[in-house]
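*Asks:* The primary structure of each chain is shown beneath.
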Amino acid sequence: MTRNNVVTVLDPRGQPSGVFGRRSSGDNPGTILSPRVRPVDDRESMEKLQMAERLDTLEGKLIYLVDVGFPGSKEFLEELAEWFKENMPSVKVVYKQKKFDPYSDDPELWEEIHANKGDGVILGVGG
Amino acid sequence: MSKKLLTVLDPKGQPSGIFGKVLDLKNPMAILDPEKQPTSTLEAMIGQKMADRLDTLEGKTVYLVETGFAGAADFMKEVEGWFQRNMPSVKTVMRSKRGNMFTDDPELWQEIKEHGDAAIVGVGG
Amino acid sequence: MEDHYNIPTAPIVTARFADYILKDSRSHGMLLRYSFPPHPVGFIPRSHLKDYIKGNDPYTGKPLMQEIIDALTKPLTEEEKNPVVPKRPGHPRLLPPDTEENLHRLFLESGWTDGLPIVLPTEERVAEMLTGTDADPNQVVGRMSIAYYEEKLEYTVEKVAVNAVMAGCRPEHLPVLLAIAATQHPSLPSSTTSFASMLCVNGPIRREIGMNCGLAALSPFNYANSVIGRAWTLMSINFGEARPGDTFMASTGHNLNYNNMTFGENEEDSPFEPFHVEKGFKPEESTVSIFRGWNVLGLGLGNAEEMAKVLRNLPSMAPTGTFVMDPLVARSLIDEGFKTKEELRKFFAEKTGYPPFAINFMVVGGQTNPLWITTDFVYTETESIDKWIPKDGIRKDKKPLRMPEPLVCKDGICTLPG
Amino acid sequence: MFLRYVFPPHPVGFIPKEKLRGYVDGINPVSGKPLMPEMVEALTKPLTEEEKNPVIEKRPKRPRLLPPDTEENLYRLFIENGWTDGNPIILPTEERVAEMLTGTDRDPQEVIGRMSVTTHQERLEYTVEKVAVIAVMAGCRPEHLPVLLAIAATEIPAFPSSTTSFSSMIMVNGPIRHEIGMNCGLAALSPFNYANSVIGRAWTLMSINFGDARPGDTFMHSLGHPINYNNLCHAENEEDSAFEPYHVEKGFKPEESTVTLFRGWNYNGINLGPAKAMAEALKRQSSMGRAGTFIMDPLVSAHLKDEGFKTKEELRQYIAKEAETFPQMINFIVVGGQTNPMWALTDYTPSITVSIDEWIPKTGIKKDEKPIRMPQPVLCKDGICGI
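Taken in order, these protein sequences are the chains called A, B, C and D. Heads up: the first sequence begins at 1 in the working numbering, then just goes up one per residue. Heads up: the second sequence begins at 1 in the working numbering, then just goes up one per residue. Heads up: the third sequence begins at 1 in the working numbering, then just goes up one per residue. Heads up: the fourth sequence begins at 1 in the working numbering, then just goes up one per residue.
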């Protein structure tokens, strides 16, 4: 294999597909084993997602602390609640745990926060 | 692939005339480190002769030596059973080799030399 | 929460993953307002957590709590109002012509290989590889990503052929690789826990392309076992976009990623039905079966009771077990009274408390020792190879490349050569 | 020596007594003759001439060069003779081997060892040049040669032949790790690093060609072992480890470069938890003997220091007591990218630790003008991810 004659080769990489993985639905916790049946999202639908309008202040607001299930999340959010009690006592905080595992959706919880007129959510801790 | 002819070197090691030898009992773990394993040479091995055979086994003492592999002891018991059924005059002596299946056992060979006429050794596998 | 319920949300992630999360969210359009306490928050004393909350976000240097409050109160910027998912440019079909030496360097420095020598995928070699199937080179075979939320890369029959050439394969191997690619499973799915995969081939193709199902099948002594296992890893790197530290987060990594424990099941010497027949395929169909897990205990000796004990003692995250055993073990299990794999599964389920469907058995080996290998691998799926085989049969070279055949123990006498 | 072997059917282990009785009363499947009469005959039939003067056919010395041929035919020759691991090789032309030999000052014809995958069969002898041939085949560059020469000189094969499918591990310490770009951090055991890949593979190719490994003949692994492809080749993460490096514990100076070879069967890679859990895992581990080599992420070493274990020795004593085994059977390696505080328990025992420095050229490691490096993993920037 003489190393100096010039050759043309093909590119080995796949092509960007505009298709993204989406978190698995609540009723099927845990990573669904076959990539073919996992829920997917595409560029267009993702670009339509809008962020919510922000609050003018946290004073007097109802903030949900949502624990996603990674080790240390509960303790961290409890310390967070402690901080609000000491520094912003008017902020009402509610601690909630997401069902299933860190990778699954929890529509009932979001519905509950909405129904109870939660003003904001602090979600964590990933890592 | 170009049709040009190339010359390449041979990747294999050269026959060295050096062979591994059965391990001595004092150092059974030597098997794990090639430098400590005793070796023998081609010439030394050619120099070893096989013993003359017996005219018959009738009335002789045959040592049945099991070397430690799984199933060897049971197999040797069956061999002993066969002699008792088919050649009752043969006196059989059951022995297990000390150390593990890779080590030498000079004391046992000495014992067989003094008391036995022949030996059946096994079962490798 | 943000889009559907219009409720502002402040996500918190530890600083270790800051780069990854920010890049990941940019590629998803929505610019969530993250804040980063130091890593990790698990397994550490409460006092540390208190300091984190009073302290700064190490990534941005700003006070953590202030960041969290801003995330919920500062008005949306223009950019946040209309998220854009950047459209990534496609890769060219051909790379710029260059010398072979420079191309070898390019493939290594771009991270398109496993570090070992490759066969450069020239147009001529890829065309020859494509004779291994009747499928249209431009047919999309699937999409893959080693991570969960990353953009998946799409690949065609031709792209599979490119990676097959790189791995050192011949056309006769292509149908097996296309079946693997069709499952869209990467061999090294990204997890900080360092996953490994296993690949078992069943059916007539094992013998036709000279796979090793017998003596030393899991060791590097067989051409097909080596290049097929390797090709799966090259496809996972190039279709799944594996970039260590960026998309591939395995802390120590896993040595099985080199060959993915690729073998053919020893159907001929096994007293049980072949694995793919258990999964509903006909014996004369050829298939690949894929497994994923972490632990491989290479030395198992003893009866079913001992096998169950070893599986029970195996600390694993998943209540699963897959045994790979020598034909001698399979026959001694029959002697112990287990007539079918179903009976075996029931026995093991009782002994370990794992669900029966999560326990698998495969037979491979050359009958020189009644050995079994214990793994915590979970079975994911079985895919047919036949639909990728050309109409007029597997495309073989005039004189197929074969490494020396191990002397397989003929049943019963199984004599060992001198 | 033509010993008079007699062959009962295989196996004789783990089978019921009646079956063994059947073998003894039955036929020797190889010769087709009744077993016991053959055994009697082995002791009574007079020696033949051939048996009186044993001759061992002396295997001829192999030529240094193979007959010239096209590239394609040479690839086929190497595969069909079983001289490779099945994956593509770089053909060892004289030009490439000469370039590889610049990686050391040692005389190419110096014999540096003899190896056999068996304990008793003829060992094959090899020179510095033969190691360079293997290095070229594996895809190495001159900068890797010193590590390979150190491994070759131990005469230890990566898969000594036993019917129980051995596997081995290469672990490198000292400055050479970074000089030749080895990976001791994130994904170190996975195929993402040039040096880790080609060095690990080279030991397998040496064991095949110097150890004369021929499956079914000298190589009797019943199932084989997937770790034989790369032999867990990695470098220790000395920088992020809370303990002293492995080779320093074994008496080498930190600035010395060494390679350590291990051997074992089981890789148990997914464990969390403190020293107590490590002892528990070792106690429960099912394997021959109670040896244990823990392969741990740097985060684990930091946790263990927090738990109060100042040195590896203190940790070793604690675990040995808890797991009721000998302290010297326990070893620790720190490797990983600190994304997960996990440790792996293996039943690997260290065979030997040897210096690499004696094989390095006087003028230092021979590097290419622009050394080949695969993308470096993004290591955890110190500080924000420390404890």
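Do not take every clue at face value.
Claimed, not checked - In the DSSO-like style, the derived pairs of lysine-lysine whose C-alpha atoms are separated by at most 30 Å in a straight line are:
#1 D:17 - B:91
#2 C:346 - D:19
#3 D:45 - B:60
#4 D:19 - B:21
#5 B:3 - C:398
#6 C:399 - B:4
#7 C:309 - D:321
#8 A:74 - C:50
#9 C:398 - B:4
#10 D:362 - B:49
#11 D:321 - A:74
#12 B:12 - D:58
#13 B:49 - D:33
#14 A:61 - A:85
#15 C:81 - A:61
#16 D:33 - B:60
#17 B:60 - D:276
#18 A:96 - C:50
#19 C:309 - C:398
#20 D:17 - B:12
#21 B:91 - D:276
Calculated directly from the structure, the hints in this document are not laboratory data. Keep in mind it's a predicted model, so treat the numbers as computed, not measured.
*Asks:* Decide, hint by hint, whether the structure agrees.
*Replies:* So, going through the hints one by one against the coordinates:
1. D:17 - B:91: With a Cα-Cα distance of about 22 Å, the restraint between residue 17 of chain D and residue 91 of chain B holds, given a limit of 30 Å.
2. C:346 - D:19: holds (29 Å)
3. D:45 - B:60: holds (15 Å)
4. D:19 - B:21: Violated - the C-alpha atoms of residue 21 of chain B and residue 19 of chain D are around 33 Å apart, more than 30 Å.
5. B:3 - C:398: holds (18 Å)
6. C:399 - B:4: holds (21 Å)
7. C:309 - D:321: holds (24 Å)
8. A:74 - C:50: holds (13 Å)
9. C:398 - B:4: Holds, at about 21 Å.
10. D:362 - B:49: Given that 30 Å is the threshold and the Cα spacing comes to 52 Å, the pair is violated.
11. D:321 - A:74: violated (35 Å)
12. B:12 - D:58: holds (16 Å)
13. B:49 - D:33: holds (27 Å)
14. A:61 - A:85: holds (13 Å)
15. C:81 - A:61: holds (23 Å)
16. D:33 - B:60: holds (24 Å)
17. B:60 - D:276: Cα-Cα ~61 Å, so violated.
18. A:96 - C:50: holds (20 Å)
19. C:309 - C:398: violated (50 Å)
20. D:17 - B:12: violated (45 Å)
21. B:91 - D:276: With a Cα-Cα distance of about 58 Å, the restraint between residue 91 of chain B and residue 276 of chain D is violated, given a limit of 30 Å.
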